[in-house]
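Enquirer: If you read the protein sequences in the order shown, they are chains A and B. Taking numbering that gives the first Met the number 0, I'd label the letters of the first sequence as residues 0 to 262. Taking numbering that gives the first Met the number 0, I'd label the letters of the second sequence as residues 0 to 131.
If you're looking for bench data, these hints aren't it; they were derived computationally from the structure. Since this is a predicted model, take the numbers as computed values, not measurements. Think of the CB as a built atom: it goes at the ideal place given N, C-alpha and C, for glycine as much as any other residue. Any given hint could turn out to be false.
What the hints assert, rightly or not - One-sided excerpt, in silico: chain B residues whose CB lies under 8 Å from chain A:
hint, residue
1, 24
2, 30
3, 33
4, 35
5, 36
6, 103
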Amino acid sequence: MDVEHVVGLPHPRLRPFVTRYSGYRMRTAPGIHRGLPSRSLTLVVTLDGTVDLPEGRFATLCGGLHDEAVIITHDGFQHGVQCDLTPLGARALFGMPAGELAGVSVGLDALDAPAGELRDRLRTATTWLDRFAHLDRVLGGMLRPVRQQVEVAWAWHRLAEGVGVRDIAAEVGWSRQHLSARFAAEYGLTPKLAARVMRFERANRMLRGQRRPTLTEVAAACGYTDQAHFNRDWRALCGATPTEWMAAELPFVQGSEPPEVAR
Amino acid sequence: MTTPAPTCWPTLTYRDAPAAIRFLVEGFGFSEHLVVPGEADGEVVHCEMVWPEGGGVMLGSADRSAGEVEATAVGAASVYVVTDRPDEVHRQCLSRGATEIRGLRDEDYGSRGFTVADPEGNRWSFGTYRGA
Numbered sequence: 000m001d002v003e004h005v006v007g008l009p010h011p012r013l014r015p016f017v018t019r020y021s022g023y024r025m026r027t028a029p030g031i032h033r034g035l036p037s038r039s040l041t042l043v044v045t046l047d048g049t050v051d052l053p054e055g056r057f058a059t060l061c062g063g064l065h066d067e068a069v070i071i072t073h074d075g076f077q078h079g080v081q082c083d084l085t086p087l088g089a090r091a092l093f094g095m096p097a098g099e100l101a102g103v104s105v106g107l108d109a110l111d112a113p114a115g116e117l118r119d120r121l122r123t124a125t126t127w128l129d130r131f132a133h134l135d136r137v138l139g140g141m142l143r144p145v146r147q148q149v150e151v152a153w154a155w156h157r158l159a160e161g162v163g164v165r166d167i168a169a170e171v172g173w174s175r176q177h178l179s180a181r182f183a184a185e186y187g188l189t190p191k192l193a194a195r196v197m198r199f200e201r202a203n204r205m206l207r208g209q210r211r212p213t214l215t216e217v218a219a220a221c222g223y224t225d226q227a228h229f230n231r232d233w234r235a236l237c238g239a240t241p242t243e244w245m246a247a248e249l250p251f252v253q254g255s256e257p258p259e260v261a262r
Numbered sequence: 000m001t002t003p004a005p006t007c008w009p010t011l012t013y014r015d016a017p018a019a020i021r022f023l024v025e026g027f028g029f030s031e032h033l034v035v036p037g038e039a040d041g042e043v044v045h046c047e048m049v050w051p052e053g054g055g056v057m058l059g060s061a062d063r064s065a066g067e068v069e070a071t072a073v074g075a076a077s078v079y080v081v082t083d084r085p086d087e088v089h090r091q092c093l094s095r096g097a098t099e100i101r102g103l104r105d106e107d108y109g110s111r112g113f114t115v116a117d118p119e120g121n122r123w124s125f126g127t128y129r130g131a
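So here's chain A without its partners, still in its complex pose (with noise of 0.2 Å):
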């Protein structure tokens, strides 16, 4: 098995929008790789060959946010760069709110981004330090004014924070019924629901982690009310409990995920 996996920030004038970039190039057996829930977009550009979904195969895509795995299937040699975008990067890069990518990935060039000239410059480059320089360009020079209804964006923000929806709602001064619906045109996912994705994209970091507590310990952490809990909600959103997908993936991304960078 040779994994590399690379791991840089945007430009700073682009966090707001794009929090992290990850090259990697992987050979493997072939076989399946879960894309698992979280609370970012995923855009993918290829340096050889295509990301093949269920849905089609794309050369570029951005998929939406979701709330159960998305399976790919490969044949062994994995080569490209994941981009996490906010959901307000949906607005920014694409002038839509993310709740129209929800549970969808969709090619680079439907959502009118120039998808060809990305992926000639990534592939021209040498280094993943250049590829992503040329990202910071090309995703840069893409960015347009966006609006967000301040009560959905505080709403997001706060249930990050691990605030539950009944407060959030009395602080915006909304229904929840309201503030649930308003959220969920945005983002494609109740409040409810990005709160258990939120919650098991802490679960899944802890897991990957350089020194891996046990399930036991990330139930606890996480806040689940036991380990039949976790482990329910873990099959709901990854298709697999946590045991079977730590000996199916993990193998790739341990010693792979390299240390959250500080700054």
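Please build the complex by placing chain B on the supplied structure of chain A, with the hints as guidance.
Expert: Same frame as chain A, now just chain B:
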């Protein structure tokens, strides 16, 4: 990557860090592992480069736009890298413009290796000797 993560990193400072990274990749065969760009164009706050046979170095730009502790002097570093492929690395780095300081040779202590300078003057020795 199947080698263990390095726990001891030499750190280097470059005037032109993106060019240095390109040289370390193309000339020596390091891989980029993590890259943190700075606010200014071409600025690298932090970069981790790993050696395919194990270990790695960290590097950054000499000029930092954000307040940082004074970096080490540019071009003053000397790094020794263990490799089982000294002939191959030697050919590769000379073809990419490394300056030869001491040619490829067999040492009486059993090592085979060489020393070159990178484009900013840091010395890099490569050899089969793995330490006593």
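Enquirer: Please flag the earlier hints that this structure goes against, numbers listed from lowest up.
Expert: 6
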